[in-house]
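A.B. asks: From first to last, the protein sequence lines stand for chains V and L.
Its first residue numbered 1, the first sequence is counted upward by one per residue in our numbering.
Its first residue numbered 1, the second sequence is counted upward by one per residue in our numbering.
Derived from the structure by calculation, the hints contain no laboratory data.
A couple of the hints might just be wrong.
One copy or two, it doesn't matter: identical chains are merged, so the pair holds either way.
[To be verified] Straight-line C-alpha distance at most 20 Å; calculated DMTMM-like pairs for lysine to aspartate or glutamate:
1) Lys51 / Asp72
2) Lys66 / Glu33
3) Lys55 / Glu91
4) Lys66 / Glu122
5) Lys125 / Glu61
6) Lys66 / Glu91
Given next are the chains, with one letter for each unit.
There are 2 protein chains.
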Amino acid sequence: MRRAILLLILAVLSAGCAKTPKIKVSILYPNAEGKHFDVDYYRDSHMVLVKKLLKPFGLLETGIEKGLAGGDPNQPVPFLCIGSMTYNSLEEFQKAFEAHGQELVDDVPNFTNIQPVIQISEIVKR
Amino acid sequence: MRRAILLLILAVLSAGCAKTPKIKVSILYPNAEGKHFDVDYYRDSHMVLVKKLLKPFGLLETGIEKGLAGGDPNQPVPFLCIGSMTYNSLEEFQKAFEAHGQELVDDVPNFTNIQPVIQISEIVKR
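Chain V with its partners taken away, still in its complex shape:
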């Protein structure tokens, strides 16, 4: 009887833990002739501003990946930098961006002349 109750509690807790998947917003800056990207400014200023403005709206984590190389050593790296933000839901990201997106977009010329590619993805768990 006790064991059955314990198993029931564990089952309910497990079901409660099956949360909706998190969302990752990736900002990819493609490499090309004449393009530049200031990773130091991006890390020390832009991403600091991103966290300050968007954490109150649910921003969980940020990431910065500085491009080193592509799959073909004879070709340039595909992206000079990839930035990312994680949220619990698409709605949280949308509200965050409605509130402060323009201010963040206005900061972009301070670190790059690249038009980024934006990717919104579901983080797939295994």
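Start from chain V and add chain L according to the hints.
C.D. replies: Chain L in isolation, oriented as in the chain V frame:
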């Protein structure tokens, strides 16, 4: 005297903790007319094989991001999927790929007809 020794120990430990940055290998599958991607197979089979073969060589983490949308709601999502692997160093990734890369490449037609873009990046800490 005791305080000075303690500070010295802390300083040495901190210096020892300034590790070289980790490496992220991203495999991006661009969306296009006629292209498909089986995320279920990628999650339940391909990435399982990746972990089995490459963890002994230092693979730390894997990630799967399923493309939902781009920055422009009137345009298709840029990438159907983005896979990733994290390593402590580029050398570890290179050895892992030399050992098992072909087997993993041979599995690709089982889940997609897209030629991926490979990006090797340094994970920038703040």
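A.B. asks: State for each hint whether it applies.
C.D. replies: Comparing the hints with the structure gives:
| no. | hint | in the structure |
| --- | --- | --- |
| 1 | Lys51 / Asp72 | neither (34 Å within a copy, 23 Å between copies) |
| 2 | Lys66 / Glu33 | within (17 Å within a copy, 30 Å between copies) |
| 3 | Lys55 / Glu91 | within (14 Å within a copy, 36 Å between copies) |
| 4 | Lys66 / Glu122 | between (22 Å within a copy, 5 Å between copies) |
| 5 | Lys125 / Glu61 | both (17 Å within a copy, 12 Å between copies) |
| 6 | Lys66 / Glu91 | between (28 Å within a copy, 17 Å between copies) |
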